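Q: Same order as they appear, the protein sequences are chains R and A.
Whatever position you read off the first sequence (first residue = 1), add 122 for my numbering.
Whatever position you read off the second sequence (first residue = 1), add 122 for my numbering.
What the hints contain is simulated information worked out from the structure, not anything from laboratory work.
Accuracy of the hints is not assured; some may be wrong.
Stated by the list, open to error - Here are the simulated lysine-lysine pairs, DSBU-like style, with alpha carbons at most 35 Å apart:
| id | chain 1 | residue 1 | chain 2 | residue 2 |
| --- | --- | --- | --- | --- |
| 1 | R | Lys255 | A | Lys143 |
| 2 | A | Lys255 | R | Lys255 |
| 3 | A | Lys255 | R | Lys143 |
Stated by the list, open to error - Residues on chain R that point at chain A, a partial pick, calculated with CB under 7 Å:
| id | residue |
| --- | --- |
| 4 | Gly158 |
| 5 | Met162 |
| 6 | Lys255 |
| 7 | Ala317 |
| 8 | Ile320 |
| 9 | Ser349 |
| 10 | Val380 |
| 11 | Leu400 |
Quantities reported herein were computed from a predicted structural model and do not represent experimental measurements.
Virtual Cβ for every residue (Gly too), placed ideally from N, Cα, C.
Number of protein chains: 2
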Amino acid sequence: MSIKSPYLLFIGDVPDALAAKTAQGVVDWRPERCAGQMRMEGCGADLGIPDMSIEEAVKAGAKTFVVGAVNAGGVLKDTWIPEVVKAIEAGMDVASGLHVRLQEVPEVAAAAEKHGAQLHNLRHSDRTYATGKGTPRKGKRLLAVGTDCSVGKKYSALCIERDMKSAGYNAEFCATGQTGLLIAERGVALDAVVADFISGAAEFITPETDENKWQVVEGQGSLFHPSFSGVTLGLLHGSQPDAFVVCHEPTRTTMRGVPTPLPTIQQVIDATVLMGRLTNPAVRCVGICVNTLALSEDEAKAYLANTGEEHGLPCVDPLRFGAEAIVAEVESQFGK
Amino acid sequence: MSIKSPYLLFIGDVPDALAAKTAQGVVDWRPERCAGQMRMEGCGADLGIPDMSIEEAVKAGAKTFVVGAVNAGGVLKDTWIPEVVKAIEAGMDVASGLHVRLQEVPEVAAAAEKHGAQLHNLRHSDRTYATGKGTPRKGKRLLAVGTDCSVGKKYSALCIERDMKSAGYNAEFCATGQTGLLIAERGVALDAVVADFISGAAEFITPETDENKWQVVEGQGSLFHPSFSGVTLGLLHGSQPDAFVVCHEPTRTTMRGVPTPLPTIQQVIDATVLMGRLTNPAVRCVGICVNTLALSEDEAKAYLANTGEEHGLPCVDPLRFGAEAIVAEVESQFGK
């Protein structure tokens with residue numbers, strides 16, 4: 123999937139910032155790809171970039187109208203449909219993170235057909251992949267894994283990419299989820315592919331590359347999450363990481379959406395090494411990324427210091443304090 | 123997916139028995155569901171049941187025309203299409219294990235529409251599932267896992283179901299693949315569901331049941347197969363087995379279709395317990411099933427005795443010598 127930027131980020135009339143987090147993720151990480159935001163009356167979110175009409179966005183060069191909001195049931199609201207149609211008539215493609223496929227909305231399908239617009243459904247995977255082969259590929263890979271879903275794997279990978287680039291590495295974020303796709307412009311929503319092709323799609327996302335280039339791969343789920351562990355293992359085997367970081371949220375006690383208790387960081391390190399060895403016998407942990415949003419600055423620093431010491435690994439909140447310690451660990455283990 | 127029997131098993135003009143193995147599996151395990159076979163001129167396979175025309179099969183009560191043959195590219199051959207259409211016109215549903223969806227063949231789609239026939243695509247999953255929850259469910263479950271794909275997991279599960287029933291257990295084979303679906307009449311082809319729903323579909327296949335009933339679950343792939351490990355882990359977590367058997371083919375040196383070396387039986391036991399604990403903390407191995415087809419009877423018996431002793435577990439070729447020793451182990455560990 124390859125999505126043309128710049129984007130006009132449409133967040134409709136969502137009630138709050140949480141419902142606009144797909145769009146916010148793009149603004150946070152790729153502001154240069156965002157022409158502006160478009161909001162409707164009553165919108166309770168603000169992405170912090172210029173408000174634009176469809177006409178203004180097209181004048182500013184916008185190529186894709188991004189429905190960057192979630193909605194109960196994942197449908198395209200009736201009041202949003204005319205805006206999507208207008209965007210197509212003005213010459214834009216459309217990308218949507220909703221559950222419904224854009225092609226299933228008759229007005230949208232008809233407009234796209236008439237104007238030759240591309241419709242990108244970020245949650246769906248319409249192409250086929252080869253099955254995974256497990257053959258070693260040139261290049262280096264770092265995968266973000268987690269003690270749970272939604273613990274900051276995507277943001278950790280993006281921080282590590284940023285700090286590796288600052289340190290002079292050739293590094294590239296590789297997207298495996300819908301928000302990641304808009305940030306990277308390409309990638310695959312791994313949870314949407316047919317089960318037989320998870321590792322094959324992961325191999326497609328992280329192809330052979332230069333010996334010294336690092337692909338920094340967005341993780342999915344957790345080996346210990348009873349809903350999504352299959353995606354996690356297929357991604358681990360397909361991306362054949364040389365290095366991984368474990369992401370963790372310290373105040374969580376049960377896995378997201380289910381009553382299963384959280385595994386320890388050490389359990390995740392051990393299981394990732396044990397299973398990851400299949401396609402990369404030298405796979406190793408290079409750090410721990412903690413989302414300390416719920417902790418004060420002092421609490422956060424103490425937690426990171428203790429956790430790092432306990433595991434003998436750099437431990438950072440990459441968003442709050444930077445991921446430089448993890449990049450230093452990569453340099454000491456793999457060189458530059 | 124629920125498929126009406128008896129079946130008319132259509133194997134067209136396949137060159138050999140291997141190309142008819144889906145149909146053969148149904149004849150081997152559920153002869154009472156098979157009205158007859160239908161072959162075309164030049165067919166190199168024989169399922170060993172009566173040859174029938176479509177008219178004869180309908181008179182004999184056949185409800186579903188099963189395309190039980192594989193074909194290069196997984197397409198419905200041009201010369202097979204008229205037979206499928208005739209079967210629909212005669213009042214039968216159609217089930218196909220081919221890659222192509224029956225609905226994509228215009229003549230077949232039109233006939234089904236006109237006559238109200240159901241079209242079952244065994245390799246595709248058209249319904250949606252909830253995501254897996256991991257919540258403990260009543261009833262008991264035994265899962266067949268493997269050192270590789272195609273090492274006899276389905277046949278082992280069917281042998282164990284048979285021998286548990288003979289020993290007085292309430293046991294039911296649960297299908298997770300296309301041939302299994304025809305044998306069980308229901309189930310889900312797990313490798314065809316969207317990746318996010320693997321464990322949810324596995325929970326759907328193995329629902330809560332009577333405290334003393336055993337669901338004997340067909341396995342898929344291997345935790346150590348770089349192409350399909352995600353399906354295997356999702357099935358392990360979703361089926362939350364109390365017991366598992368490891369299936370193995372002793373002459374194989376690399377995993378099917380890839381150059382990855384085979385894991386040891388002990389590695390599979392250890393990884394299955396480690397990962398399986400997430401949804402069933404008491405998961406344990408109750409035996410080893412070896413496909414000894416490539417060994418003489420003396421070699422086979424020696425191999426089974428040595429392997430069983432090495433692991434301290436019953437070790438059988440369930441198809442050649444029966445699975446009674448595994449049923450006895452289940453009884454000693456779980457009672458009756």
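Q: Next step is simple, just say for each hint if it's right about the structure.
A: Structure-based check of all given hints:
Among the hinted pairs, R:Lys255 with A:Lys143 is consistent with the structure: their alpha-carbon atoms are about 25 Å apart, no more than 35 Å. For the suggested pair A:Lys255 and R:Lys255, the alpha carbons sit about 30 Å apart, so the restraint of at most 35 Å is met. The straight-line distance between the Cα atoms of A:Lys255 and R:Lys143 is roughly 25 Å, inside the 35 Å bound, and the hint therefore holds. Look at R:Gly158: its Cβ only gets to about 32 Å from chain A, farther than 7 Å, so that hint breaks.
With a cut of 7 Å, the hint placing R:Met162 at the interface with chain A is violated, because the nearest CB-to-CB distance is about 30 Å. Here the hint on R:Lys255 is kept, as its CB sits about 6 Å from the closest CB of chain A, short of 7 Å. A hinted interface residue such as R:Ala317 counts as satisfied when its beta carbon comes closer than 7 Å to some beta carbon of chain A; here the least separation is about 5 Å, so the hint holds. A hinted interface residue such as R:Ile320 counts as satisfied when its beta carbon comes closer than 7 Å to some beta carbon of chain A; here the least separation is about 4 Å, so the hint holds.
A hinted interface residue such as R:Ser349 counts as satisfied when its beta carbon comes closer than 7 Å to some beta carbon of chain A; here the least separation is about 4 Å, so the hint holds. Using the Cβ-Cβ criterion of 7 Å, the hint placing R:Val380 at the interface with chain A is satisfied: the shortest such distance is roughly 5 Å. Checking R:Leu400 against chain A: minimum C-beta separation of about 6 Å stays under 7 Å; hint holds.
The structure fails hints 4, 5 (numbered hints given earlier, in ascending order).
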